[in-house]
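Number of protein chains: 2
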Amino acid sequence: MFEQLGLIGCGLMGGSFALALKKAGLVKRVVGYSKSPSTTERARQMGVIDVEAPSALLAVSGADLVLVAVPVSATEATFKAIRHLVGKDVLIMDVGSTKREVIDAARRVLRDQVGVFVPAHPIAGKELAGVDHADPDLYSGRQVILTPIERTEPIQLEKAHRVWTALGCHVKQMTPEAHDAAYAAVSHLPHLIAFAMMNAVTGQQQGAEFLTLAGPGFRDFTRIAASDPAVWRDILMSNREELLAQSKQFQRSLHAFETALNAGNPDALEALIDRASEARANWRMSAIKPQG
Amino acid sequence: MFEQLGLIGCGLMGGSFALALKKAGLVKRVVGYSKSPSTTERARQMGVIDVEAPSALLAVSGADLVLVAVPVSATEATFKAIRHLVGKDVLIMDVGSTKREVIDAARRVLRDQVGVFVPAHPIAGKELAGVDHADPDLYSGRQVILTPIERTEPIQLEKAHRVWTALGCHVKQMTPEAHDAAYAAVSHLPHLIAFAMMNAVTGQQQGAEFLTLAGPGFRDFTRIAASDPAVWRDILMSNREELLAQSKQFQRSLHAFETALNAGNPDALEALIDRASEARANWRMSAIKPQG
Numbered sequence: 001m002f003e004q005l006g007l008i009g010c011g012l013m014g015g016s017f018a019l020a021l022k023k024a025g026l027v028k029r030v031v032g033y034s035k036s037p038s039t040t041e042r043a044r045q046m047g048v049i050d051v052e053a054p055s056a057l058l059a060v061s062g063a064d065l066v067l068v069a070v071p072v073s074a075t076e077a078t079f080k081a082i083r084h085l086v087g088k089d090v091l092i093m094d095v096g097s098t099k100r101e102v103i104d105a106a107r108r109v110l111r112d113q114v115g116v117f118v119p120a121h122p123i124a125g126k127e128l129a130g131v132d133h134a135d136p137d138l139y140s141g142r143q144v145i146l147t148p149i150e151r152t153e154p155i156q157l158e159k160a161h162r163v164w165t166a167l168g169c170h171v172k173q174m175t176p177e178a179h180d181a182a183y184a185a186v187s188h189l190p191h192l193i194a195f196a197m198m199n200a201v202t203g204q205q206q207g208a209e210f211l212t213l214a215g216p217g218f219r220d221f222t223r224i225a226a227s228d229p230a231v232w233r234d235i236l237m238s239n240r241e242e243l244l245a246q247s248k249q250f251q252r253s254l255h256a257f258e259t260a261l262n263a264g265n266p267d268a269l270e271a272l273i274d275r276a277s278e279a280r281a282n283w284r285m286s287a288i289k290p291q292g
Numbered sequence: 001m002f003e004q005l006g007l008i009g010c011g012l013m014g015g016s017f018a019l020a021l022k023k024a025g026l027v028k029r030v031v032g033y034s035k036s037p038s039t040t041e042r043a044r045q046m047g048v049i050d051v052e053a054p055s056a057l058l059a060v061s062g063a064d065l066v067l068v069a070v071p072v073s074a075t076e077a078t079f080k081a082i083r084h085l086v087g088k089d090v091l092i093m094d095v096g097s098t099k100r101e102v103i104d105a106a107r108r109v110l111r112d113q114v115g116v117f118v119p120a121h122p123i124a125g126k127e128l129a130g131v132d133h134a135d136p137d138l139y140s141g142r143q144v145i146l147t148p149i150e151r152t153e154p155i156q157l158e159k160a161h162r163v164w165t166a167l168g169c170h171v172k173q174m175t176p177e178a179h180d181a182a183y184a185a186v187s188h189l190p191h192l193i194a195f196a197m198m199n200a201v202t203g204q205q206q207g208a209e210f211l212t213l214a215g216p217g218f219r220d221f222t223r224i225a226a227s228d229p230a231v232w233r234d235i236l237m238s239n240r241e242e243l244l245a246q247s248k249q250f251q252r253s254l255h256a257f258e259t260a261l262n263a264g265n266p267d268a269l270e271a272l273i274d275r276a277s278e279a280r281a282n283w284r285m286s287a288i289k290p291q292g
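Sequences listed follow chains C and P, in order.
Using full-length UniProt numbering, you'd call the opening residue of the first sequence number 1 and step up by one each time.
Using full-length UniProt numbering, you'd call the opening residue of the second sequence number 1 and step up by one each time.
Isolated chain C, as found in the complex (with noise of 0.2 Å):
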């Protein structure tokens, strides 16, 4: 039980994760901070958060747990309004996508007390942003990973397992680079994915017809691409190394069915799909609660 979480950035991250405490009973209060006034008030309004505290600093004043769930590129700025109230027992956590420039950031910034900083990324999130569609039940049932560095306080990591196993979350451990080499696989290449999906449809003559005719798999496979742009940007561009690493890996492979295509060869062009439907078929995303 925590006496007091310093929310900093009311958003859908930040918010679902105040609202998920509070519905496991795990806090008595939420101190919130987000850099947009009228964000804040919304949270406060929604009994996201309780207070509103007028800075990152104060929202942290009095906290036993921070959280900073802020784009990835806003994270260094924050550790630097809070550093100097950041004690011992408090416990530290981010919520960002990829993890190699947040612990920089940390180590930077927070120096001798990087320690209480447990750096960690749930994975969940919604195409739709922002408080109001911030959610108790985001995390619950999804996979949370914790990337702790070798001055982490394992004491602060036990904290961090236990708060985010309380939410009903399955929590993994792993270093920052096998991370975000993962994640720019399987998430970061995605969202690239459909981004540029998007805007070659869109940036044709006839696209917005073309649009008015997509159906459900159009629907399912563009959602992710409906994502906070500036979030992803910050994403994308802090793991672009690994990132245009699996562009390349994919542009070869898309390079193999285009060949198969250009020389008329259905067999070798069924083989190529057979391979990807089987792999997706026998695929289960790993969570603990049921799939819809």
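These aren't lab readings, by the way, just hints derived from the structure by calculation.
Certain hints may be false.
One copy or any two copies: either way a pair holds, since identical chains are not told apart in the list.
Unchecked claim - Below 25 Å or equal to it, Euclidean Cα-Cα: the simulated SDA-like pairs (lysine to any residue) are:
hint, residue 1, residue 2
1, Lys23, Arg83
2, Lys28, Thr259
3, Lys248, Asn265
4, Lys248, Arg223
5, Lys172, Gln204
6, Lys88, Arg107
7, Lys126, Asp274
8, Lys35, Glu158
9, Lys22, Ser38
Predicted model only: the values in this text are computed from it and were never measured.
Given chain C, work out where chain P should sit, using these hints.
Showing chain P alone in chain C's frame:
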């Protein structure tokens, strides 16, 4: 009201059509044929068809409505098998995802009788193929594209409109060329990309491990990658010129993202994502029933 549906191909699409017609009280009897006798038998056991026909020709005998629901490349052979029993009053439709190749086959084989054939493409499907997944509501609330040619009999075209409308579909009419261009962009390209993405990930040394980490974004993005390989081999191959042109457009769009990433230019990257995100957020599937 039809006396008898001759169903050639008792898989997901054909089986669902038979079930929908029955549910709507639009047919007295369904005689079905599939290339695989076990599929035909299963369709009868499930009540999808009433009578098993030993050949495509015998499925057509006595039918006033014929649905050809076979992979695109099997359409010509099917027309050849049935042409001797194609009368002036029967309505023949297909459900193929590409139209030019099917229409060429119909012209070549049906000749003077080609006017009874109304090319149809219902924008519905599942990644789970086979009669076991046949669903009387698969087409309800979906678009159906009819692509008549100049020789199509107006009376058959009108009948086709009425049947699909009675099944709860929104019927649209296009030329075969416009159809194939549009679906190359909004359906065939997403399938091609999803297949290529799966192979790119599974082809990596750590691919299997990466897949265990994937979440809901990946799940939705890759759903169509599990589609039936034989069906999609035919679709992609039969529309390959339009598809390859769309793939080129897509790669140009992807390269714009890569350029922004390589240049470390977050503003350019955000502008690209912003365009995609806004287009997708404003998109709504043209459908009658509420969307899940």
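### Query
For lysine 35 vs glutamate 158, is the C-alpha pair at or below 25 Å within one copy, between two copies, both, or neither?
So lysine 35 and glutamate 158 fail the 25 Å test inside a copy (30 Å) and across (60 Å) alike.
### Message
Within a copy, between copies, both or neither: which one fits lysine 23 and arginine 83 at a CA-CA cutoff of 25 Å?
### Response
neither (29 Å within a copy, 67 Å between copies)
### Message
As a check of your reading, is lysine 172 near glutamine 204 (CA-CA no more than 25 Å) within one copy, between copies, both or neither?
### Response
This pair counts as between: shortest inter-copy Cα distance 22 Å, intra-copy 43 Å.
### Query
From the Cα coordinates, with 25 Å as the cut-off, is the pair lysine 28 and threonine 259 best called within, between, both, or neither?
Result: close neither inside a copy nor across copies, 61 Å intra and 48 Å inter.
### Query
When no copy is named, should lysine 248 and asparagine 265 be tagged within, between, both, or neither for a Cα gap of at most 25 Å?
both (24 Å within a copy, 19 Å between copies)
### 25 Å Cα threshold - placement of arginine 107 relative to lysine 88
Within one copy only: 15 Å inside, 80 Å across.
#### Entry: Up to 25 Å CA-CA - aspartate 274 versus lysine 126, copy category
between (30 Å within a copy, 16 Å between copies)
### Query
Using 25 Å as the alpha-carbon threshold, which applies to lysine 22 and serine 38: within, between, both, or neither?
within (22 Å within a copy, 55 Å between copies)
### Task
Go through the copies and call it for lysine 248 and arginine 223: within, between, both or neither, with a Cα cutoff of 25 Å.
This pair counts as both: shortest intra-copy Cα distance 23 Å, inter-copy 22 Å.
The structure is inconsistent with the numbered hints 1, 2, 8, although it conforms to all the rest.
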